[in-house]
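Undergrad: Following the hints, position chain B against chain A.
In order, the protein sequences belong to chains A and B. Residue 506 in our numbering sits at position 125 of the first sequence, and the numbers go up by one each step. Residue 44 in our numbering sits at position 17 of the second sequence, and the numbers go up by one each step.
Be aware that one or more of the hints could be misleading.
[Claimed, not checked] To give an idea of the chain B side of the interface with chain A (calculated C-beta under 7 Å), a few residues:
no., residue
1, Met-281
2, Tyr-288
3, Phe-374
4, Asp-379
5, Thr-416
6, Glu-498
7, Ala-574
8, Glu-575
9, His-579
10, Ala-593
11, Pro-595
12, Thr-596
13, Asp-709
14, Arg-710
[What the hints assert, rightly or not] Across the chosen pairs, the derived CB separations fall in these ranges:
no., chain 1, residue 1, chain 2, residue 2, range
15, B, Met-523, A, Asn-520, 21 to 27 Å
16, A, Glu-484, B, Gln-460, 40 to 46 Å
17, A, Thr-681, B, Arg-165, 21 to 27 Å
Because the hints were derived from the structure by calculation, they are not lab data. Keep in mind the model is a prediction, meaning the values are calculated, not measured. Every residue, glycine too, gets a C-beta built ideally from N, C-alpha and C.
Each chain, letter by letter, is given below.
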Amino acid sequence: MRKALLALADGTLFEGRALGYEGETVGEVVFNTAMTGYQEVLTDPSYKGQIITMTSPHIGNYGVTPEDAESRRIWAEGFIVKEASQLASNWRSRQQLQDYLHEAKIVAIEGLDTRALTRHLREHGSQQGIITHVAEDSNHAVEKARAAPSIVGRDLAATVTCGMSYRWTEGSREWALSPGDKIGVASKRRWHVVAYDFGVKLNILRRLVDVGCDVTVVPASTTASQIETLNPDGIFLSNGPGDPEGVPYAIEAVRQLIGQRPIFGICLGHQILGLALGLKTYKLKFGHHGANHPVMDLRTRKVEITSQNHNFAVQVEHRIDAIPDRPPMVGTAFGQVAVTHLSLNDNSIEGLGCVDHQVFSVQYHPEASPGPHDSAYLFTEFIQLMEKRHV
Amino acid sequence: MPRRTDIQSILLIGSGPIVIGQACEFDYSGTQACRALKEEGYRVILINSNPATIMTDPELADRTYVEPITVEVVEKVIERERPDALLPTMGGQTALNTTMGLVKRGTLEKYGVKLIGASAEAIHKAEDREAFKHAMQRIGLRVPASGTAHNREEAIKILEQIGFPSIVRPSFTMGGTGGNIAYNREEFEKIVEWGLAMSPVGQLLIEESLIGWKEYELEVMRDLKDNVVIVCPIENVDPMGVHTGDSITVAPAMTLSDKEYQRMRDAAVRIMREIGVDTGGSNVQFGLNPQNGEMVVIEMNPRVSRSSALASKATGFPIAKIAAKLAVGYTLDEITNDITGVTKASFEPTIDYVVVKIPRFAFQKFRGADPTLTTQMKSVGEVMAIGRTFKESLQKAIRSLELNMNGLSSREGLDRGIPEGIDRQLVVERVRQHLRTPIAERLWHVADGIRLGLSNDDLFALTKIDPWFLEQIRELIQFEALLAGQGGKKPIVLEMSLLWQAKELGFSDDRIAQLTGVASASVRLQRTEAGDGRRGVTYKRVDTCAAEFEAHTPYLYSTYGSECEARPTERKKVIILGGGPNRIGQGIEFDYCCVHAAMALREEGIESIMVNCNPETVSTDYDISDRLYFEPLTEEDVLNIVEREQPLGVVLQFGGQTPLKLALPLAKAGVEILGTSPEAIDRAEDREQFRDLLNKLGLRQAESGMARSVEEALKIASQISYPVMVRPSYVLGGRSMQIVYDESGLLEYMTSAVKASPKHPVLIDKYLSDAIEVDADAISDGTNVVVAGIMEHIEEAGVHSGDSACSLPPYSLGREVVEEIRRQMKLLALELGVIGLMNAQFAVKDRTIYVLEVNPRGSRTVPFVSKAIGVPLAKLAMKTMVGRSLPELGLIEAPAPTHLSVKESVFPFNKFPGVDVLLGPEMKSTGEVMGIDQDFGWAFAKAQAGAGASLPKGGTAFISVKESDRPAALEVARQLQRLGFNAQATSGTAAYLRSHGVHVETVNKVMEGRPHIVDHIKNGQVALVVNTVSNASSHADSLSIRREALNKGLAYYTTIRGARAAVMGIEAILKKELTIRSLQEYHHHP
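Pulled out of the complex, with its shape left as it was, chain A reads as follows (with noise of 0.2 Å):
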């Protein structure tokens, strides 16, 4: 059994047990709050220079698949979990979780009391950490963590996104939404669809092909003129890591585009698009990251289970106290915009959409995986939206 030491920033410690590659990581430390998805967690770009601690205790219990992945590999810089499972018992399972860590060369620790530090976290907020598998000096590693970059105001997107664009035809398949369920009832023709990859997760692009998207898949810093050349139906604003304020370029290429086509954003699509139309964004103490926030659609009142992975958010000029009657209105430089969706835990936006334009977002993730798949609607809007602007 080899040790291993978690130290944050403030100078707070924990010893656990090494796991996955041995070294050391640094990177912002946060929690997720899933029960189920630690692959799909673990591959989501959006994590791209955080630590991830899972608050489930049992981690890799079904092992991994790679079906499973939401991207090309892992960018969570570390992992950090209560209990690492011996055996992954499923009959989709192709790896141990461990081992899948060490070959992405993951540095992760296991064995401590994730339920203290998640509460550290949630009192004192997110903060850089350090996993070490090396006997140091814990004033060292703290030393370390301090010294680790700050996920404010850098452009992480730019490290994840693709290196040129390309097609995707692949829907879920047999994991496609049943049509009991609210989407999957593909639309009568195909619609293309360029989808900025900010880090975009793989289900996003599955879910577009399920309803009748061809989707090409742009890197981050391409301009409104490149897609204009691309002519398509709808533009799509993935989610990805980090500060929306770090990518200026996407923000100013949205401004250029908003009113010419449909747009759809989730999660850092969202935030660059309330960027773009003028709005703000903040960052939050902890962040949401879990499979189980509570959303409400204020133009319908529904409320939606959704997954969420966010660090910032949008805000508009008066703080929303309350659950209003209807959607609240902002004046932009492209009219009014709707405040749609809102947070029960928080009121923290989740979703706006433009009156004057077709062009909407949510802060969560309609994509689900992980999560619960409430909001898959969504995509059946996006398509509506593009039906409208066709007829």
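TA: The following block gives chain B in isolation, referenced to the frame of chain A:
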């Protein structure tokens, strides 16, 4: 949407007596529902025949009817109270079935009562097997191949398509009653016959077997706006084929990937919508093929269930309370999550710990019962444990069971390795054999299999338990070997890091001691001395959100971590120890007392701290006490809490035997025991001391002696003369008490049932035949004693007091006898220095009173007496323990009610085919009902109806009694004849009755050829059975009569006193119409 204003009053139907498959969890749900609806300002009307429930406390509803839950009686309630709405989803299958009965009868329509929570269509769609199957097919979900049969021929036709093994499930039964798995034609036919008899509508579902598939349950909530949340996914450790109530289960699900889980979640949501459960909680069960992930829907319950209780306790999400609020129109987003205080109920709890539930069984109480676990539930109770890992939680659950096992103790003597010289192959074969069939002890056999070197593949092939769980158990066994290896070195202390590791894995001090040879006390000392802020026992909060938000509710569990969240207050506080798992002899009555104790402390301004591990209970609701520790009730776990909380004292007298066992160890550890002293408890329990006590007070006891050998036993028995009651001073295989009538009976008992030795003597008491037994409950503050209730048993002495029906006040004892008992109670209470409650049992023979036993603690009858006289005894008792006097509390004398209250016991015989239904000194009942009326006859009749066997108003009475009962039976027969009954009897009894002028028809005994009495019963030609027997051989002859009477749901009596009471009941129902009254009216509450 705000609450509905078109309704003002709501009728709630409870679940009636505790039976297998329907236990305390419906008191939990009913209580939450009552409180939630009252909070919303509705007028709440409740019917429940079970007096031992918190929900039937008069404060919880506006009108509380402790009346039998039958369609006729509920109709009366509706006629009288005119409720605007009926909420049918809180009282288990009983409430659903009764509701459907009311719908069919047109009662709801007639009185304009709206169904809320679930519509009749939804209930039908979910409950009717065929309708459910079609519904699932409509939404593209697979259900096991199956067909519905109404008779044997249809059943066989379906079998031909499905093949073996096949599962037979009767429709509309609870806990899978009558269901089973058939592997061959003979079994199949037997099960079909049984199932047809069990189903109230005579309908069976015959189904493809999915034995070995993984089984899951999702607890789902839905509101009027179609918001749906999953409260918790639960995974069964035991695969399909074992009823989920009998399975070890774990939350959250452990072996599902997100893709698989979300697919299941989507299906559950679709099912809610298709079935049309508009509001409230439901439970959906799935089977999953471990080879390829294929998923089938097993069933759905459109109501709160045992699993809802478990999910509520496992997550902190109060399903029943929220379901009640949804039923009156609120939506999930309008309800605040109590625990965080800031977030809404429209979310899905996420948990950062593991919950393990293990059922508890009582097979040893039912000789001849088949202990194989099947699709019909057989467990009588359950425990739940919370730990940070499955391993820790499993070990905590094991010690919560109170089976004298402090861990995965080997059943083959392999705890410290495989002993030299044993035939290993033989042991391996035996263990393999055990593993092939699911039984209660399978978990321990798995552990032994691992000790013997069986691989996960071997174990999986034998048990179909998911390898993930097998691996967890393996890790524990491997660690045990490490600990046992320490033992070889005979250490005084353990290596500290090893000890911490053991504690993190959930090992109890006792188990560590057992494995290492270090004394348990030293283990404790070592870890308490070494523990500091960073290591040692810590308490974490159950907060629904994995620490994402602050928890304001101190709902705690222990683990070994680096941060403690207990944050004890500086207030005056008292710890109440709960009753642990339900079992026969210890059930809901004790939880009732504990809840009252918590309420009393609140009223006294003292902080109440509850410790319990039974997830079905009201006491483990986080808002009942100020602080809740969901922990095993062992010395170790309780002492840890005491050390953390530093209470004024600990209360032991309400939780039954469980906390009482801890009296001496806790006192020894310097813990203050509130109320009656542990010495006084000992004085009443120790035979010698007790005899001295009675002598001192000049009270009489039946003659008795203690035998240390067979010879001594024979000598004592002949001295005090037969019949005698014998019992071991320790219990072997659960066969404890018996009445023996002669020397050969005693010899058989002494040689086969017990082994007397100087260390374990056998106790022999004179059996007072034909004596009347009396139960009495008193309350004392140390100076003043109030005898609250004196109950005359209906069955004669010799039938366990927990199994006997009883009447308050006594219905046949003279006034002087009652007064004398009252006097003796006061003497006893004062002499013992009782502070709190005391129960005693007496036998009255020829006007002489014998003291049978005294228990200076809350008894099983406390809730019954409290409801009969309208005084909350447990609450007052708690107050006396914190220094209040009875006069101060306004209790000078117990009220003498003018009405009669009859308690009747309820038995699980219908779950155990072939087991005899005769009553004896060993308790067998799982629950009780209460009948209240102005006269004894009606009160008795109501109690019978409440217990499920309504008295007939006419027809044929079958009488067959032992010789000594004939004169008494004659009286019964004459009365029945006068009331218009025909009489049938077997030859001996018939001849006797006839010779005394009773017109009686002789019928064949089973052995005398057909048609015999069992044929008559089967054909519905018998309305009432009176059958008493003397000895074992006559038991066997008449067993089939009693079993068939049970199957047919007939009123049957196996004692003459019971038969006499039945006659009084029949006379009453023939003479007078049924009238009902609420507790509030009986006790003049506003």
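Undergrad: Now tell me if each hint is right for this structure.
TA: Against the structure, the hints come out as follows:
1. Met-281: holds (5 Å)
2. Tyr-288: OK, holds: Tyr-288(B) within 7 Å of chain A, min 5 Å.
3. Phe-374: With a minimum Cβ separation of about 4 Å from chain A (threshold 7 Å), the hint on Phe-374(B) holds.
4. Asp-379: holds (4 Å)
5. Thr-416: holds (6 Å)
6. Glu-498: Nearest chain A Cβ about 4 Å off; hint holds.
7. Ala-574: The hint holds - Ala-574(B) has a Cβ within 7 Å of chain A, the shortest such distance being about 4 Å.
8. Glu-575: holds (6 Å)
9. His-579: With Cβ-Cβ at 14 Å, over 7 Å, it is violated.
10. Ala-593: This hint is violated: Ala-593(B) lies away from chain A, its Cβ roughly 13 Å from the closest one there, beyond 7 Å.
11. Pro-595: Violated, because the Cβ-Cβ distance from Pro-595(B) to chain A comes to roughly 18 Å (cut-off 7 Å).
12. Thr-596: At about 20 Å, which exceeds the 7 Å cut-off, the nearest Cβ of chain A leaves the hint on Thr-596(B) violated.
13. Asp-709: At 42 Å from the nearest chain A Cβ, Asp-709(B) fails the 7 Å test, so the hint is violated.
14. Arg-710: It is violated, given that the least Cβ distance between Arg-710(B) and chain A is near 47 Å, above 7 Å.
15. Met-523(B) with Asn-520(A): 21 to 27 Å: holds (25 Å)
16. Glu-484(A) with Gln-460(B): 40 to 46 Å: holds (43 Å)
17. Thr-681(A) with Arg-165(B): 21 to 27 Å: holds (25 Å)
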